[in-house]
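Peer 1: Here is how the chains run, residue by residue.
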Amino acid sequence: MANNGVQPEMGKEQIMFMAEKEMEYRVELFNKLTQTCFRKCAEKSYKESELNMAENSCIDRCVSKYWQVTNLVGQLLGTNPPSM
Amino acid sequence: MANNGVQPEMGKEQIMFMAEKEMEYRVELFNKLTQTCFRKCAEKSYKESELNMAENSCIDRCVSKYWQVTNLVGQLLGTNPPSM
Amino acid sequence: MANNGVQPEMGKEQIMFMAEKEMEYRVELFNKLTQTCFRKCAEKSYKESELNMAENSCIDRCVSKYWQVTNLVGQLLGTNPPSM
Amino acid sequence: MDKNMLGDLDNLPEEDKMKMAAMIDQLQIRDSLRMYNSLVERCFTDCVDSFRRKTLDKQEETCVRRCAEKFLKHSMRVGLRFSELNQGAPTPD
Amino acid sequence: MDKNMLGDLDNLPEEDKMKMAAMIDQLQIRDSLRMYNSLVERCFTDCVDSFRRKTLDKQEETCVRRCAEKFLKHSMRVGLRFSELNQGAPTPD
Amino acid sequence: MDKNMLGDLDNLPEEDKMKMAAMIDQLQIRDSLRMYNSLVERCFTDCVDSFRRKTLDKQEETCVRRCAEKFLKHSMRVGLRFSELNQGAPTPD
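Chains as they are written, first to last, in the numbering used here: chain R, 1 to 84; chain U, 1 to 84; chain W, 1 to 84; chain G, 1 to 93; chain Z, 1 to 93; chain Y, 1 to 93.
The hints are simulated quantities; they were obtained by calculation from the structure and are not laboratory data.
Heads up, some of the hints might be wrong.
Stated by the list, open to error - No more than 27 Å apart at the CA atoms, straight line, and that leaves these computed lysine-lysine pairs for DSS-like:
| # | chain 1 | residue 1 | chain 2 | residue 2 |
| --- | --- | --- | --- | --- |
| 1 | U | Lys-40 | R | Lys-40 |
| 2 | R | Lys-44 | R | Lys-32 |
| 3 | Y | Lys-54 | R | Lys-47 |
| 4 | R | Lys-40 | W | Lys-47 |
| 5 | R | Lys-32 | R | Lys-21 |
| 6 | U | Lys-21 | Y | Lys-73 |
| 7 | G | Lys-19 | Y | Lys-19 |
| 8 | R | Lys-12 | W | Lys-21 |
| 9 | U | Lys-21 | Y | Lys-19 |
| 10 | Y | Lys-19 | R | Lys-12 |
| 11 | R | Lys-40 | W | Lys-32 |
| 12 | Z | Lys-17 | G | Lys-19 |
| 13 | Y | Lys-54 | U | Lys-44 |
| 14 | U | Lys-32 | U | Lys-21 |
| 15 | G | Lys-54 | W | Lys-44 |
| 16 | Z | Lys-73 | G | Lys-54 |
| 17 | Y | Lys-17 | Z | Lys-19 |
| 18 | W | Lys-40 | R | Lys-40 |
| 19 | W | Lys-21 | G | Lys-17 |
| 20 | U | Lys-21 | R | Lys-32 |
| 21 | R | Lys-12 | Z | Lys-17 |
| 22 | U | Lys-44 | G | Lys-58 |
| 23 | U | Lys-47 | U | Lys-32 |
| 24 | R | Lys-32 | R | Lys-47 |
| 25 | U | Lys-44 | W | Lys-32 |
| 26 | W | Lys-44 | Z | Lys-58 |
| 27 | R | Lys-44 | Y | Lys-58 |
| 28 | W | Lys-47 | Z | Lys-73 |
| 29 | U | Lys-40 | W | Lys-32 |
| 30 | Z | Lys-19 | W | Lys-12 |
| 31 | W | Lys-21 | Z | Lys-19 |
| 32 | W | Lys-21 | W | Lys-32 |
| 33 | U | Lys-47 | W | Lys-40 |
| 34 | U | Lys-47 | G | Lys-58 |
| 35 | W | Lys-12 | R | Lys-12 |
| 36 | Z | Lys-73 | R | Lys-21 |
Generate coordinates for the entire structure from the input sequences, incorporating the hints supplied.
Peer 2: Written out as structure tokens, the structure reads:
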């Protein structure tokens with residue numbers, strides 16, 4: 001998406017539209033990532049409201065792995081993953 | 001949201017936009033509440049299509065508790081829950 | 001939806017709006033169907049990337065049954081299911 | 001969804017109120033189509049688990065009917081309670 | 001999604017048909033981005049369960065690849081069957 | 001969400017940049033309302049399982065508070081890591 005490979009005759013409206021879809025895509029990616037890593041990392045007993053060390057490092061690794069999966073799937077789809 | 005705390009110079013378009021987002025928020029809240037309480041209250045054997053007494057009172061309490069959670073979380077977020 | 005039963009005085013804008021909602025509905029139906037049948041039919045061990053015979057016939061039957069459920073629910077709602 | 005929440009918008013000019021009403025109608029159409037999709041997904045997931053034939057058997061069909069009817073009744077009751085809460089009415093214990 | 005369903009809109013003027021076609025293209029773009037997000041979420045959920053390192057190990061990577069490829073094939077097959085049903089064609093038993 | 005990704009749109013005229021910024025603000029409002037709804041659903045689902053009374057008991061309320069606070073901290077941490085990845089920064093192992 002974004003600018004690469006865009007035909008020169010693509011109008012301003014279309015650029016705005018693509019940018020909007022890209023934003024929406026990224027917001028949705030962020031939301032799904034947040035929900036999924038919360039499910040995988042948070043201790044569900046909710047004994048405290050702080051994140052403990054185990055949870056913190058789980059989050060960091062979860063985000064990192066989710067990102068890699070996003071890129072891997074993007075490669076398989078033969079497109080760049082929507083430019084990130 | 002809605003009218004409280006709105007700067008006087010907020011344009012008509014912005015009012016409409018905020019009202020639309022508020023509506024969307026409320027529709028989504030209603031849908032999530034409906035789905036969640038169905039999951040918690042409905043007997044999945046589907047032996048009959050009527051709601052029995054246990055299900056009916058479960059629904060009433062589920063809606064009431066969901067509402068309280070919505071308000072509680074709203075307080076924690078430091079905002080009024082989107083005006084309800 | 002679509003053209004049947006539409007009052008003659010329905011404006012062009014409204015036709016476009018209804019057509020857009022119908023499209024959105026169908027896209028969402030397709031997505032839900034795809035996700036649901038993947039959950040029901042795919043072997044989660046992912047020992048290979050091909051669909052095997054059991055999975056293929058499961059998919060065909062799953063789509064067919066999902067479709068019937070869509071129609072059945074549409075009848076119960078007293079409307080045609082949004083014209084398909 | 002009730003329309004009460006728009007009380008604070010009463011001082012808008014007539015033209016804008018009409019736009020607002022149109023917007024609400026549109027959201028309701030979208031909403032009811034989404035509800036329809038969710039209902040189908042839920043009742044399919046709960047009632048259909050065998051894929052040895054391509055048509056619903058009698059038991060599955062009965063299950064789907066009851067599930068859908070129950071969901072609709074459920075949804076109406078939730079709507080009722082929800083609008084009471086929106087209006088600050090006391091609820092049965 | 002096939003475009004057949006718009007058959008009933010054939011009597012619209014040319015200009016509106018173009019708007020409609022643009023709308024369909026836009027929905028397809030949004031749709032494919034959503035599908036991409038769902039695919040990532042599903043394969044991540046099914047394949048990644050250990051968080052002792054910050055990079056995917058070989059086994060997880062293989063699992064994700066197969067999951068994604070299988071999902072795409074699945075999705076194409078569903079699309080095929082779905083459009084047959086839309087056209088009222090008989091389906092294999 | 002950071003706004004860096006719009007770097008490639010720098011050559012748009014001023015007027016369009018403003019439209020773009022407005023669009024981003026609007027997406028953020030919608031996004032935060034959705035996040036709020038998801039948070040409520042998750043903490044309700046994890047913390048409330050008994051429906052013998054119509055008010056939250058002390059234990060449920062404590063659970064919801066902790067769940068919500070934890071989710072918010074989680075969400076901020078994810079946001080931080082996410083924007084580092086967007087900028088290609090190395091991450092802690």
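Peer 1: So which of the earlier hints does this model not fit?
Peer 2: none
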